[in-house]
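Enquirer: Chains as they are written, first to last, in the working numbering: chain P, -6 to 323; chain G, 2 to 285.
Take the hints with a grain of salt, since some may be wrong.
Unchecked claim - With a Cα cut of at most 27 Å, we get these calculated DSS-like pairs of lysine-lysine:
hint	chain 1	residue 1	chain 2	residue 2
1	G	Lys239	G	Lys207
2	G	Lys239	P	Lys33
3	G	Lys61	G	Lys232
4	P	Lys33	G	Lys147
5	G	Lys33	G	Lys268
6	G	Lys260	G	Lys33
7	P	Lys238	G	Lys117
8	G	Lys143	P	Lys33
9	P	Lys172	P	Lys136
Keep in mind the hints are simulated off the structure, nothing from the lab.
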Amino acid sequence: MIATRDAYGEILVELGRENPNIVVLDADLSSSTKTEKFAKAFPERFFNVGIAEANMMGIAAGLARSGKIPFVSTFAVFATGRAYDQIRQSIAYPRFNVKIVASHGGLSVGPDGASHQALEDVALMRAIPGMVVIVPCDAHETKEAIKAALRHDGPVYVRLGREKVPSVLPDDATFEIGKGLILWPDKRREDLISSVSRGEPKESAHLFDVAFVASGIMVKPALDAARILGQEGKTCLVADFASIKPLDEELLVAIAKNSRLVVTCEEHSIIGGLGSAVCETLAENYPRPVLRVGVRDEFGQSGSAQELLDAYGLTAEGIVETARKGLSKV
Amino acid sequence: MLSEPQKDEALICEIETRARALRRHIIEMVGKAGSGHPGGSLSSSDILATLYFGGFLRLKPEDPLWPERDRFILSKGHAAPALYAALAERGFFGKDVLLTLREFGSILQGHPDCRKTPGVEVSTGSLGQGLSMGVGMALAGKLDGKGYRVWVLLGDGECQEGQVWEAAMAASHYRLDNLTAIVDHNHLQIDSRIEEVMSPEPIAQKFSAFGWEVFEANGHDIQNLVNVFRKAATVRGKPSAVIADTVKGRGVSFMENQKEWHGKAPKGEELERALKELSGDHLR
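Just chain P, same shape as in the assembly (with noise of 0.2 Å):
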């Protein structure tokens, strides 16, 4: 059980080793956020703002277009919040080469509350033009995003949690931007694709009865859904979408196409995340019936992250209860 912004901090370290241009941005959140492994590796390329987001993102715009390459730090809330138009402005609209990591994503920051809890922060940085937006689910999918944000030239948007989070992928899964993972049953991805680039599936009997669309957090109980589904002898398709921009819309439709029934999952209100991208994407290229597992327009609250996981139903069990309402429908 690795936390995702551990992992971060690590890879940070390695990275910085690597590559000289790499300087580390942080408000004063540098013990929570990780980046204080950085800081102790190279004191001289990292920079603590102190308690001003605004001016960090600015500062961050400053340093890539002296051809540094920023990673800049801080909770998720405050990253995309308080530094909105910043991003927008001083980062995104000149395509400048900022990557924004952001930890405390979701409701599983637990006791801080509401105000500590960014449940929109996905919705944010998707809208805004040319920034990719990732939220990767485990230890080892964090550290490749980091190192494909580093190889992507342009601002990008990471989201990562404060929990410990068991290891979901194998140790040789891949990440590249824009691709979605199949994590079951055991099928690759280009494999999905071409088989209904052949006109399959050929009768709806062979269809899978649910396809499990997850990112972060919500990849496990995604899992851990089909499972329990897969024992009422229901067939399951679970597959990873940390990529959320660009959304895999390739591996999205052969999924969408091989399903009666779609459910995304994810730790972020159901406005303008995951389950939105999913739904825009469906609902243009291959309509499928959608339900989506998220937070409810609501905020979160105090409590312990998984009482608060399980109040908002952002659980195995709750996404085998909108499944079994989805299926009984279609």
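Given the structure of chain P, go ahead and fit chain G onto it with the hints provided.
Expert: Just chain G now, with coordinates in the frame of chain P:
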């Protein structure tokens, strides 16, 4: 070899000529576009002419992103016509391009877009953000051991934005003596006099309290601007600020000190009158 005062005389004459050209361009551009911000462009014309033609910006118009270049950031992005005029005069693009200001498909957007216009350092228009970007560039200069200087032009109304003071704090904290902020202190903002809307005064003392070396200047006296910018560039161990006292709409009699001309284009007779004033000796 000319002695210093004589050399300055020639330099001042050159800057004044360019400043007059900038003002004419501004009125022609905004007049043709039918919209734009003449007031704050005219108030900053002498400052821009001094920076671009007084030897303060080492630039290569044929290589706009030359890594060693000095940086100029127009944080008050609505004065874009003044910046575009200076860039055209400096040779970054043809002067004929100026008349495409604000047109669909033009490289001269309503507010500066660094991806479209050669010589524009960063994209601005949403006030309060330029100084932070200047801090980033100055920091990078220090990290890389480069000798360039970063100049940022702010509006006085813009100093109402909190981010300006976050950046002021950071610049001082990092001892960025390769950074100079200039405030175009024209005393007016869209709705009224800045002191009436929300006074940012005393601006000089505020920068001073934030740890900056502060200079005051007459923003329309070229020799004074040259002297002060030279002094600002020699400050060591901390950033420098120049509070330049200016007149909004400077150079066009009916625009001077009139808030109505913040964001309005002159039309017909107004346009003719403005250009006539600027072609004469009105400014001397």
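Enquirer: For every hint, state whether the structure bears it out.
Expert: Now for the hints, and whether the structure bears them out:
Restraint check: the Cα-Cα separation between G:Lys239 and G:Lys207 comes to about 15 Å, which is no more than 27 Å; the hinted pair holds. Restraint check for G:Lys239 and P:Lys33: the C-alpha separation of about 26 Å stays at or below 27 Å, so the hint holds. A hinted pair counts as satisfied when its Cα atoms are at most 27 Å apart, and G:Lys61 with G:Lys232 qualifies at roughly 24 Å. Taking the CA atoms of P:Lys33 and G:Lys147, the gap is near 25 Å; set against the 27 Å cutoff, the hint holds.
For a cut-off of 27 Å, the pair hint linking G:Lys33 to G:Lys268 stands: about 9 Å separates their Cα positions. Simply put, G:Lys260 and G:Lys33 have alpha-carbon atoms about 21 Å apart, close enough for the 27 Å limit, and the pair holds. Proximity of P:Lys238 to G:Lys117 is assessed by CA-CA distance (about 25 Å); at most 27 Å being required, the pair is judged to hold. Annotation: proposed proximity of G:Lys143 to P:Lys33 holds, straight-line Cα distance about 20 Å (limit 27 Å).
Using a Cα cut-off of 27 Å, the hinted pair P:Lys172 and P:Lys136 holds, with the two alpha carbons roughly 16 Å apart.
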